[in-house]
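Got chain A sorted already, so can you dock chain B onto it with the hints?
Chains as they are written, first to last, in the UniProt record's numbering: chain A, 1 to 379; chain B, 1 to 336.
Incorrect hints may have been included.
[To be verified] Some, not all, of what chain B presents toward chain A, calculated at C-beta under 7 Å:
(1) L4
(2) T7
(3) G224
(4) A238
(5) V242
(6) E245
(7) F246
(8) L256
(9) L258
(10) G260
(11) A265
(12) L268
(13) V321
[Stated by the list, open to error] Which stretches of chain A does chain B cover? Using the computed rule of at least three CB atoms under 8 Å from a CB of chain B, they are:
(14) 1–8
(15) 269–282
(16) 345–358
[Claimed, not checked] Computed far set for chain B versus chain A, every beta-carbon distance over 12 Å:
(17) D6
(18) M19
(19) P66
(20) A72
(21) P101
(22) D118
(23) A127
(24) D136
(25) R150
(26) V170
(27) Q182
(28) E215
(29) A254
(30) E262
(31) A264
(32) A273
Don't read these hints as lab results, they were simulated from the structure.
Computed from a predicted structure; not experimentally measured.
For each residue, glycine too, the CB sits at the ideal point set by N, CA and C.
Residues per chain, in single letters:
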Amino acid sequence: MNLDFTPEEDAFRAEARAWLAAHVPAEPLPSLETEEGFAAHRAWEAELHADRWAVVSWPEEFGGRGVDIFKWLVFEEEYYAAGAPGRVTQNGINLLAPTLFDHATDEQRARVLPSMASGEVVWAQAWSEPESGSDLASLRSRAVRTDGGWLLSGQKTWSSRAAFADKAFGIFRTDPDAPKPHQGLTYLMFDLKAPGVTVRPIGRLDGKPAFAELFLDDVFVPDEDVIGEPGNGWRIAMSTTGNERGLTLRSPGRFLAAADRLAALWRERGADPAVRDRVADALVGARAYQLFTYANASRFAAGEQIGAESSLNKVFWSEYDIALHETALDLLGADAELADGEWAEGYVFSLAGPIYAGTNEIQRDIIAERLLGLPKGRR
Amino acid sequence: MRFLLDTEQAEFGRTLDRMLGAAGTPAAVRAWAAGDSGPGRALWARLAETGVFALAVPEEHEGLGPLPVELAVAYVELGRHAVPGPVVETAAAAALLAELPEGTGAAKEWLPRIASGDALVSLASGAAGPYALDADAADAVLVADGDAIRLAAGHGPLRESADPARRLFVPEGGEVLARGPQAAAALARATDLAAFLTAAQSLGVGLELLRRTVEYVGQRRQFGVAIGTFQAVKHRLADALVGLEFARPLLFGAALTLDGEEIAAAKLAAGEAAYRAARAALQLHGAVGYTEELDLSLWLRKALPLRDAWGTPAQCRARLVPAAGGPAPWRESSAG
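One chain only, chain B, in its complex shape:
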């Protein structure tokens, strides 16, 4: 057993971090929220060069994947840098398309474009809600309804999200690509992948909220000293770190098994930890944290929607303790 990232995986994360840090992501997020997807698409193009979007696409469709551990590493960084757009949905759509029955042609058409970063694809699944994220900017919108999967023909008007950089639309019409048990099974796996990548994104959002808050409380002075010297402040941040650091191994545990219950556990823990980090960040920034001008707002507004997207805490818990009961799903695997 070596339950640690290897050197290449860790370096991949650092490379993305450096690249996104230098790319002026906050400006792209603000433009995206205003309906200008240009800077965001430019960012996607640079991300694609690192192979991020190819990680979810199978090799036979010009991808590199699927590589769940690398995906987790990458999506933590996408969260840390608040990268706008349907990043999770595009990867989940890739997983869905790759498993659709032969002959639909959609996989052949879209997967190479997803891998190269040329196509942003959104995904709406009735079970997770009626909205397709960023359908206006996406090149395609997949809609899952029961065991039918269709390619939407259009979408309704913008429904404003609590996070303006998450632009929500109800998709409309379109042709059915596939239907039946195979499509339903593909959808189930794609939905799990979306939950898994949202968990990774949440963890990144939480880590960045904590980092920015630590920096702030080290500088902000009240009563003649930095507020970071106060025990009440320290303890709130310490608790935020405990939450995030115990969500991290669940995320990578889920990456190794891609088991639905492990993913639900990771989604629950990462979503809650990021949300608690956001609450701490807002409280400790005080009134300045309540303003839109401060870049902190870009992450603050993500924490709650990501906690609830692709599996609310209640849905995750219900999956882990089904009414019929039974031992924890990972006990047999851990008992060899």
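Looking at chain A on its own, in the form it has when it is part of the complex:
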């Protein structure tokens, strides 16, 4: 057991750090949840991609560097420590791409991944429906067979960044007569600019139009945009949720950097001893999360599957993120109320953590039933 990075990993860290020091914008970009900010972040993605930092863990043929999970963690640590912008491409990179690597055809990978890596095509996740949140399998939007493809109809909602994104991925009911709700579903990709798609931005809690509702009226999707076998969408989708809750969406680098900024804020604001314990808890939480991730990465590198443990991860980081931001807001005092502050924005975003990617109530059920072995019950 060790925590040692290899000389090669250290060299990779140094290279990433140097590149970031030279390229990270001095001024923060406008919020990526606005049209202006979305464009600025797309340009940043292109800059990352030009020097192959956008998707370091992907194979080189798709714009990556083919690095393993430890180097990916190193890159993420450096990325957030450098104060680099949030990733506008994250839904595609973290949720769709792993699905494509596992379930898509070579043709699909070659067609979809490079433009995702460059930020030329930004993807949104279209999963939730007005009546299907945690009970995703109850979804009603459907895909009906047509010549050469499928016609989508129905409504998706709360789709992050869909207000400005180019394309979306989601699951649709293709066999309404299947005996169980999670059967007869199909996973596919569709164009948000296609005829029959209406995108209605929804203001979020922070007032930004970053969510959208999608109304689909006989939207044509060619067969080549179906991922995996029709009817097998549930299994494919579930392999994505593991990514969403687990390693990829919330890398420890993000929280290490945030905890450091919190400690700095605490000092700047006079090192109030009444808040010290919460600052300590934030530092400890970030370290715990980093080491927990190293342990999971070690298991992953040894060929083990990370299953229901990703629910531990999700509950931890989502609760942690809120506590960290609450502490920062307390330190800011009256300024905390200003909506455009970096911490205030982060706080509002953190509030969504226990809701998305499967609510924490569902995660705790998974932990209790699959990790602790408690009996299944009614939700």
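Just chain B now, with coordinates in the frame of chain A:
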């Protein structure tokens, strides 16, 4: 990087678990609390055969160590099985004795006996409180006072702990073994080791409280169903597991560095997680959990004293965020 136990380390933990599970530890704990250290000493003797106490003793004194990762593995198991006695203090005393200036003779006398399981040694450090755990059963009691370390000549009357299996005494008198900066530095490292091993013991206590509670709520029926089917029950236990599973990597991170701040982080997280597990265990057992008869009480009563022994949560937090500030202590190491 491979931040996982290797096969031998994991097997060592399983061996201890099997051995302690078969040894009837609860009876030894109850006897210990009543002042009969016989069954507890027999348990120590069996533990010594696995090498547990030798792990903290350097090789030149007939030990195997120091081996912090193996110590963490072992002390999680000691916590899971509520092994009575000054287990933490004996290992910390070994670390202290090993670093005392040459010529005191104490290391030569006591370390081989600690390694073989023949000697139980308690340790009191003024900074951590006035009490020496189990001084009545210990073969020696070391007392640290400022930069002076002495071998106590005796002790006062029993001061009852909230956990009756932790028998507290104020040590009295005795000869000074060492004094000065080297002794103070040795004491600082021994105190860190005590905090580290208490964290491991806490984690084990928390894991066992959770295990017993999961078992109980799967059987206890109310309103016609097992109470473990209720979401309110599940969620409390899920949160207990989250706390424990995020304390675990801090413990092993601390084992690899033995850095004081990493140890404080592990102590804080493990102590709090075990305490929260105890609260959940008591609540979900209901009134039966509030009784002494149920073996659960042996672990319930440990969680709080272990959370506070060798570094309260407040002391740990103060160490992590000193008034002068500065970045998190592990940031430079993690940034290579």
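Going through the hints against the structure:
The criterion of a C-beta within 7 Å of any C-beta in chain A is met by B:L4, whose closest approach is roughly 5 Å, and the hint holds. With a least beta-carbon distance of about 11 Å to chain A, the hint placing B:T7 at the interface is violated under the 7 Å criterion. Among the interface hints, the one on B:G224 is violated; its C-beta lies about 12 Å from the nearest C-beta in chain A, farther than the 7 Å criterion. Checking B:A238 against chain A: minimum C-beta separation of about 4 Å stays under 7 Å; hint holds.
A distance limit of 7 Å between C-beta atoms decides the matter here; for B:V242 the minimum to chain A is near 5 Å, and the interface restraint holds. For B:E245, the shortest C-beta to C-beta distance to chain A is roughly 5 Å, which falls under 7 Å, so the interface hint holds. Given the 7 Å rule on beta carbons, the hint for B:F246 holds: about 4 Å separates it from the nearest Cβ of chain A. Look at B:L256: its Cβ gets to within about 5 Å of chain A, closer than 7 Å, so that hint holds up.
Evaluation of the B:L258 hint against chain A yields a violated restraint, the C-beta minimum of about 12 Å exceeding 7 Å. The beta carbon of B:G260 comes no nearer than 14 Å to any beta carbon in chain A, farther than 7 Å, and the hint placing it at the interface is violated. With a cut of 7 Å, the hint placing B:A265 at the interface with chain A holds, because the nearest CB-to-CB distance is about 5 Å. Here the hint on B:L268 is kept, as its CB sits about 6 Å from the closest CB of chain A, short of 7 Å.
For B:V321, the shortest C-beta to C-beta distance to chain A is roughly 5 Å, which falls under 7 Å, so the interface hint holds. Check result for the segment 1–8 of chain A against chain B: holds, 6 residues qualifying (beta carbon to beta carbon below 8 Å, three or more required). Residues of the segment 269–282 of chain A with a Cβ under 8 Å from some Cβ of chain B number 7, which satisfies the need for three, so the listed coverage holds. Proximity of the segment 345–358 of chain A to chain B, defined as three or more residues with a beta carbon under 8 Å from a beta carbon of that chain, is not established by the 0 residues found.
Consistency note on B:D6: stated as away from chain A, yet its beta-carbon is not over 12 Å from all of that chain's, at 6 Å minimum. For B:M19, the shortest C-beta to C-beta distance to chain A comes to about 23 Å, beyond the 12 Å cut-off, and the non-interface label holds. Annotated as non-interface, B:P66 keeps its C-beta farther than 12 Å from every C-beta of chain A; the closest such distance is 15 Å. Not every CB of chain A lies more than 12 Å from the CB of B:A72, the least distance being 10 Å, so the non-interface label is violated.
Against the 12 Å criterion, B:P101 stays outside the reach of chain A, whose nearest CB is about 32 Å from its own CB. The non-interface label for B:D118 is consistent with chain A: the shortest C-beta to C-beta separation is roughly 30 Å, beyond 12 Å. Against the 12 Å criterion, B:A127 stays outside the reach of chain A, whose nearest CB is about 19 Å from its own CB. For B:D136, the condition that its CB be more than 12 Å from all CB atoms of chain A holds, with the nearest at approximately 36 Å.
No Cβ of chain A approaches the Cβ of B:R150 within 12 Å, the least distance being about 34 Å, so the stated non-interface status holds. The claim that B:V170 is not at the interface with chain A holds, since no C-beta of that chain comes within 12 Å of its own (minimum 30 Å). Look at B:Q182: its CB is around 29 Å from the nearest CB on chain A, clear of 12 Å, so calling it non-interface holds up. The beta carbon of B:E215 is not kept farther than 12 Å from every beta carbon of chain A, the shortest such distance being approximately 9 Å.
Not every C-beta of chain A lies more than 12 Å from that of B:A254, the closest at about 10 Å, which undercuts listing it as non-interface. Chain A draws B:E262 into its interface by the beta-carbon criterion, the shortest separation being 8 Å against a cut-off of 12 Å. With a closest Cβ-Cβ approach of about 8 Å to chain A, B:A264 is found to fall inside the 12 Å limit, against its non-interface label. At roughly 10 Å from the closest C-beta of chain A, the C-beta of B:A273 falls inside 12 Å, breaking its exclusion from the interface.
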